[in-house]
Amino acid sequence: MPAPYGLNDDSVVVIIGSGAGGGTLGNELAQKGIDVVILEAGPRIEYEDFINDEWDSFGQLAWLDNRTTGGGWRVHKDFPNLPAWIVKAVGGTTTHWAGASLRIQEHEFKTLTNYGKVEGANLLDWPITLADLEPYYAKAEDKMGVTRTNDIEGLPGNNNFKVFKAGADKLGYKECHTGNMAINSADRDGRMGCQQTGFCFQGCKWGAKWSTLYTEIPKGEATGKLEVRPSSHVLKIEHDDSGKVTSVVYADKDGKMQSQKARIVCVAGNSIESPRLLLNSASSKFPDGLANSSGQVGKNYMRHTTGSVYAIFDKPVHFWRGTTMAGIVRDEAKHDPSRGFVGGYELETLALGLPFMAAFLDPGGWGRSFTTALDHYDKMAGMWIVGEDMPQEQNAVKLHGELKDKYGMPIPDVWFTDHPNDVAMRNHAYKQGMAMYDAVGATRSFPTPPYPSTHNLGTNRMSEKASDGVVNKWGQTHDIKNLFVSDGSQFTTGAAENPTLTIVSLAIRQADYIAEQMGAKSI
Amino acid sequence: MVTIYQGKSGLSRRELLKRGSAAGALLIISGSAVLSAGEAWGLESTALKPETLATLIQMARDVYPHDQVPDKFYAIAIKSHDEQAGKDAAHKDLIEKGIADLDQKSGAGGYTGLGWEDERVAILRQIEDTPFFQAIRGGLVVGLYNQKEVWPIFGYEGESYSKGGYIARGFDDIEWL
Ligand SMILES: Cc1cc2nc3c(=O)[nH]c(=O)nc-3n(C[C@H](O)[C@H](O)[C@H](O)COP(=O)(O)OP(=O)(O)OC[C@H]3O[C@@H](n4cnc5c(N)ncnc54)[C@H](O)[C@@H]3O)c2cc1C
Ligand code: SF4
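Chains as they are written, first to last, in the working numbering: chain S, 1 to 523; chain R, 1001 to 1177.
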């Protein structure tokens, strides 16, 4: 049963956000008998109510509060008020995510050491290694039911995968399969197997795909130690004279201000809202925002080097049928500077429905060059590029100078410009992707620009030294002992892999640390 | 909501032919309505001039030309501008002036008087950075491609949950590889 805690109960751990990081941390702490309140800005919508329709689902679940953008990325021009695709609902973006679950590679934890100094990039080694995280990766893979781990079978390949695989074989790629997916290939953990519905990005109506909404959260609630308060938008974190955080102020479902006391506060609002909240919580003691003595809060915004390749064939593919992203080539994920860039990238299958294809194939494009591509929509195959991008200090989430949200708080302004390394990597990936499709007879292919960011990382980065970043190796802020960051904004660097498995692993690890520190009465 | 109506236009085939057309060979203006000669539907204008709607339909097709998609769906896609113009004088102004400008740039016969798509597209290229063009194009991306009736024309199958997904309906049925 959900446990209702009082607003004045200062013994609770308050978690802000119920997505991959927050939802997992909440359950892990509750399992250890720790009292937890999760404040979630969005509503609670169970999976039966998800919608098999791209725009309707976007309207139902996406974060639509106003945001602005700046910098040289094309998203700034094409989607000036939609820098990112993030969900505002219980479960966070794990409702819309695709389920690709990869471990970060060993060398990617030490980019400064392994890549050396890259001009214009703010590279830094993580304060943890793959070995530190391995036991937690194992727990996360088990929890999420990741295919090809724990003796879980891979998903069957759909039409889009078969085209992709044929191309990969022709090019001589060795590591190509239907992915490590947090999607049940058969019944597991009380959830059914994938029915190949093809709407993974709209929320899985079968519950086959892992989401904190119907795994971590109900499991935590069942302990009686976790209360999830939906439609509770946190505006500010408050502290006492000693600098310890004491409470959070939030707007409840009726827009009324409430204050929830807390022993510990964990921020897990994803990489745009988490730094925004820390910056918006500035006080006379912390005039630059909470936990910002390094000046790094909001900086080093990363979004992966992405892009897509779509191709048209002379015969039908029906690529929208089946799992949206169950297909991967990992051969290019290595660090091989002879390709003209540091770091690596993954290629993953991707299909969009007709409405999103029209919006994203070539945003702003029109005329026959554009429409003749859509004319062959049923003969298309598609893949997504996800590679390591360079952290850069000027790529940042800032507070807007003038615009405020409906609660009077400055809105986030998201700045991003590709690093030359990002551009070189993307061009390499476009070339390889197009070659894969050419090899199986594509008559035309399309190097499609990045969409609004689905992977948002790095804006409260983890560092050994307090001067280099915002949190330590446990996600605890360097400046404030009882303030934690529990989402992807902790990432020191982005690595080539989709981030969620790592976010979940870090949350499991952080829960152990918080429990231990609470036990030792040090926080 | 959309006042596209199907069925008899009230004009006989002979009458239609006699009247000629305001927008290419396909669309007829009658009172406040735009009528389709070949397909049985009409679009009632409420705020914009019917001639403006007819030109917008042609412009929509020139922006996103799909020869297999009937005019009706372009008409549905631009209909929202008429609705918005009814509520917002600035929007009405944007559209009416935008179309007047298009006609002016197109010479004596106006935009729809230009016979070849290439000729019309050349005019559109001149204005593609204007707020008017962007409003029309931006609205069409959703207005045209998010019509469920349009999807089957492209082969897209839409919602699949109620049919049990594709697990038994061809998710891996590709044969030509
Ligand atoms: C279409 C799509 C596909 C994706 N596919 C993959 C994939 O295949 N593999 C992968 O690894 N990743 C994928 N991702 C990315 C993945 O979803 C995110 O990396 C992950 O969910 C981030 O976890 P998080 O905890 O940082 O934030 P989220 O999961 O976004 O959760 C943050 C939550 O915090 C809430 N919140 C924010 N601010 C406040 C506030 N002030 N007060 C209260 N609540 C607040 C939000 O409403 C939200 O619910 C995908 C994302 C998208 C959009
Ligand atoms: S394809 Fe599978 S995982 Fe994706 S939404 Fe459908 S059933 Fe769920």
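Certain hints may be false.
[Claimed, not checked] DSBU-like mimics (lysine-lysine), calculated; alpha carbons at most 35 Å apart, straight line:
{"no.": "1", "chain 1": "S", "residue 1": "LYS236", "chain 2": "S", "residue 2": "LYS219"}
{"no.": "2", "chain 1": "S", "residue 1": "LYS315", "chain 2": "R", "residue 2": "LYS1097"}
{"no.": "3", "chain 1": "S", "residue 1": "LYS174", "chain 2": "S", "residue 2": "LYS77"}
{"no.": "4", "chain 1": "S", "residue 1": "LYS404", "chain 2": "S", "residue 2": "LYS77"}
{"no.": "5", "chain 1": "S", "residue 1": "LYS473", "chain 2": "S", "residue 2": "LYS404"}
{"no.": "6", "chain 1": "R", "residue 1": "LYS1087", "chain 2": "S", "residue 2": "LYS253"}
{"no.": "7", "chain 1": "S", "residue 1": "LYS404", "chain 2": "R", "residue 2": "LYS1072"}
{"no.": "8", "chain 1": "R", "residue 1": "LYS1163", "chain 2": "S", "residue 2": "LYS77"}
Derived by calculation from the structure, the hints in this document are not laboratory data.
These numbers come from a predicted model, not from an experiment.
Comparing the hints with the structure gives:
For the hint pairing S/LYS236 with S/LYS219, the CA-to-CA distance comes to about 28 Å; that is within 35 Å, so the pair holds. Restraint check for S/LYS315 and R/LYS1097: the C-alpha separation of about 45 Å exceeds 35 Å, so the hint is violated. Between the alpha carbons of S/LYS174 and S/LYS77 the distance comes to roughly 38 Å, so the proposed pair goes past 35 Å and is violated. With a C-alpha separation of about 21 Å, the suggested pair S/LYS404 and S/LYS77 falls inside the 35 Å cut-off, and the hint holds.
This hinted pair checks out: S/LYS473 and S/LYS404 have alpha carbons roughly 34 Å apart, not beyond 35 Å. With a C-alpha separation of about 31 Å, the suggested pair R/LYS1087 and S/LYS253 falls inside the 35 Å cut-off, and the hint holds. Pair hint S/LYS404 plus R/LYS1072 does not hold up; C-alpha atoms about 42 Å apart against a cutoff of 35 Å. Note on R/LYS1163 and S/LYS77: the hinted pairing is violated, with a Cα-Cα distance of about 39 Å set against a maximum of 35 Å.
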